[in-house]
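Which chain is which? The protein sequence lines are F and D, in order.
If you number the first sequence the way this note's numbering does, the last residue is 1592 and the count never jumps.
If you number the second sequence the way this note's numbering does, the last residue is 312 and the count never jumps.
Source of the hints: derived by calculation from the structure; they are not laboratory data.
Treat the hints with care, since some could be wrong.
One side of the interface only, derived from the structure: several residues of chain F facing chain D at Cβ under 8 Å [said to hold, decoys possible]:
id, residue
1, Pro1297
2, Phe1323
3, Gly1324
4, Met1327
5, Pro1331
6, Thr1335
Quick list of simulated restraints, FRET-style, between CB atoms [unchecked claim]:
id, chain 1, residue 1, chain 2, residue 2, range
7, F, Glu1349, D, Leu123, 39 to 45 Å
8, D, Ala45, F, Asp1390, 40 to 46 Å
9, D, Gly120, F, Gly1409, 48 to 54 Å
10, F, Glu1434, D, Gln38, 55 to 61 Å
11, D, Ile110, F, Glu1434, 56 to 62 Å
12, D, Gly306, F, Lys1392, 24 to 30 Å
13, F, Ser1360, D, Gln38, 31 to 37 Å
All C-beta atoms, glycine included, are put in the ideal place defined by N, C-alpha and C.
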Amino acid sequence: MSAFSQLRLDGVSRRFGGQAALTELDLTIEAGEFIALLGPSGCGKSTALNCLAGLLPLTAGSIWQDERRIDTLPPERRGFGMVFQSYALFPHLTVRANIAFGLRMRRLPKEETRRRTEEAVRLVRLEDHVDKLPGQLSGGQQQRVAIARAVVFEPSLVLMDEPLSNLDAKLRLEMRTEIRRLHQSLGLTTVYVTHDQEEALSLADRLVVLREGRVQQIGSPRELHTRPANWHVADFMGYRNLWRGRVGQVDGDRATVEPSGHRLLGEVVGSLRPGVDAVVAVRPEDIRVDGPAETRNAMSATVEVVEYQGRELAAEARTDTGLLVHLRTEHRIAPGDEIKLAIDPQRLLVYPADASAQTDRLADAAGATR
Amino acid sequence: MSDAGPGRPLAHWQHRLAERGIDRQLWLLVPALVFVIALFLYPFFYGLTLSFQPTKGGPLSDYARFFSDSYERGTIWITLRIALPAALLNVLAAVPIAYRMRGRFRGKRLVTTLLVVPITLGTVLTAQGLLNFLGPTGWFNRTLLATNLVDEPVRLTHNYWGVFFSLVITGFPFAFLLVLSYLSGIDPTLERAAATLGADWRRRFTRVTLPLLMPGLATTFCLTFVLAFSVFPSAVLVGNPAGETRVISLAAYQAAYEQYDYPYASAIAMIMGFVELVIIAVVLAARSRFYTGSTGGKG
C-alpha cells in the first residue's frame, strides 16, 4: 500500500444507538509519528482505532490519506496493520503462516513472501518457533507474532489496541521497548491505544487524551506530564492529589486556593476569578516531606498508610484539617508519624472546577473537611 | 509425598484414590451407567448374539442371506441414497444461515424459533403437512396447475422426494443449531484481523472461518446422517415403502414383525449399525486432518 505524508481525521464521530462513543475527533497524523490514544476505559479510544481501521463505520466525519478519502473503504483495502488486544492469531495456522497471511492476501510472488516472512520472524526473534501453532506459544511470543503479522506487509499505518494489557509486568516493559524499537527501525507510523499513562508517555511522540468520547488534550509527553489541560487530564496523568477549594486571590498566572482551610498558592491553568470553585492538582512525588525550611504551601499531617515501593515509600497522610494527601518520599515514615509537608507553587496546578468536580474522588476529599 | 503416618492409613488411602479421580462423586455416574447398560448395552449385545443364532443354518447364515438377496442388499444403497444427500444438504444449508445469524440482532430469537420449530413437530405431523402441501392435490401442485406451469401434478410424495423433504425438514433444525453453536465458538476478532490483513469476505470465510468450522461441520454431518439413516416413519408415510424408499430399517421391521424372524431382523440391525459406523469413521478420519483446538470464542 502506498505510504502517505499525512493522515487526517476530520470530525470523526461514532454513535452506538443513542450513545455517543466518539465525538468530533480532529487529528492529523504525520508519517513516522507514534501517536498514543490515551484515556480510561469507555473513553472512545478503541472506537477511534476501529474507525481508523475500517472495522467500524463512522456516523459522521471523514478520514483522509493525503488527498484520498479512505473512511468509505473496507478494512481490507486500507492496508493498515492492526495488533489486537487478544492478538487474534489464527489458531489453525503456524506462526509462519500467520505472519505470511497479509503477504499471501496481496498475492506476492512465493519467493518474496518467503523472504519477507523470514525477515519478520527474525525481527521478532521467533526463529525457533515458526512451525508451532499459536496455542503452543507463551503470551509474549504470541504478542510478537501478532506484531510481526501486522508489520510484515509494510503497512502505511500500524494500529495497536492495548497490545500489552495481557502480559505480566516484566514482559510488558520488555515488549514496550521492542515496540518502540520496531517503530523506529522500520520507520512505521503507529497509532497506539492504551489506558496506561506511563506506557503512553514512554512510547509516543504525541498523545491524545480522550474522555467520554471527546478530545481533552493533544500534546507531547512533556506537555501532558507537566501541564495537563484540565483536571480530568491531570487526574489521568498521575496527579493523585485533587482537592477542591474556593479561589482566594488571583494574580496573573498565580492564584491562592483554600481547600479544607489550607491556603495554597499555585499556577493557574485556564481562567479563574476570585470566589469561584477550583480544583488543585499535585503529584504525590511533588509533595516534599520535612524538606529544607519551606514556608510556602506548608501543611502538617499525620501518616495513615504506608506502602513500600523500593527506593521510595508511597503514603497517605491526613492534614490537621482533614485533607487527604497522597505522597511519595524517601524519608522513612510510619503510620502515626507527624510530618511537615510543603509544595512548590510551580508544581501545584489550579484548574477551574466543572460540574463533574462535585462527584468522584473530589467529593471525598472536600467532604471530609465539613 | 510423605507418608501420612501409621495413625491415618484410611485417610491416606482415600487421598491417593482421590488423586486418581476416584472419590464419592463417582456415585453420581450410577444413574447414567444404569441407563446405558440397561437400555443400550444389554439390548445391543442381546441383538448381536441373536443375530448369530439364525433359525436355520450356521451362525453367519442370516448375514449371508441378507447379502445374497439383491432386494435386501439394495436397501443399504436406497437408504444411503436418501440419507447422505439429505444430511449434506442440511449441513450446507445451515452454514450460510447460521453465519448470517451469529452475533446479536433484533428479532434473532424469533427467527431462531421459526427455524427450530420443525423439531417439535415430529415425523407424522411433518408427513401430514407434506401430503397436504406437496401431494397431487396439494396447494403446491394446485398453484402450478392454476398458473399453467405444468399440465399434470408433479409427483413429490410417495416417492424418493417425499422422504427426502421430510428428512430435510426434520433434520435441518438440528444441523442449524449445531452449526450456529460451532460458529459462535469462533472468535469474531479473527475475521476482523483477517480483514485488516487484506482478506475480502470470501477469503476471510475460506481461509479463517471455514477451516475452523470444518470439524464442527463434520460432527454435525455425522449426527444428521445418523438421524436420516434410521429413517422409518416418513419412508412409509410419504415414501414408497415397497419400492424406491424401502429403507433398511423397513427391511428389519418386516423381518421382525411380518415374518417374526428375530435373528434375521437382528442381523439387519447390526448391518445397519455397521454401515453407519463406516460412514462416521470416514468422516471423522477426514475431520482429524483439520485443526480441532480452541477457536477462542465464547462457544
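Each hint, compared with the structure:
1. Pro1297: 4 Å, holds
2. Phe1323: F:Phe1323 check passes; min Cβ-Cβ to chain D is 5 Å, inside 8 Å.
3. Gly1324: Holds: closest Cβ of chain D sits about 4 Å from F:Gly1324, inside 8 Å.
4. Met1327: 4 Å, holds
5. Pro1331: With Cβ-Cβ at 16 Å, over 8 Å, it is violated.
6. Thr1335: Because about 13 Å separates F:Thr1335 from the closest Cβ in chain D, which is outside the 8 Å limit, the hint is violated.
7. F:Glu1349 with D:Leu123: 39 to 45 Å: At 54 Å between Cβs, range violated.
8. D:Ala45 with F:Asp1390: 40 to 46 Å: This hint holds: roughly 42 Å between Cβ atoms.
9. D:Gly120 with F:Gly1409: 48 to 54 Å: Hint holds: Cβ distance 49 Å, inside 48 to 54 Å.
10. F:Glu1434 with D:Gln38: 55 to 61 Å: Check failed, 50 Å falls outside 55 to 61 Å.
11. D:Ile110 with F:Glu1434: 56 to 62 Å: 39 Å, violated
12. D:Gly306 with F:Lys1392: 24 to 30 Å: Holds, at about 28 Å.
13. F:Ser1360 with D:Gln38: 31 to 37 Å: 34 Å, holds
The earlier numbered hints that this structure contradicts are 5, 6, 7, 10 and 11.
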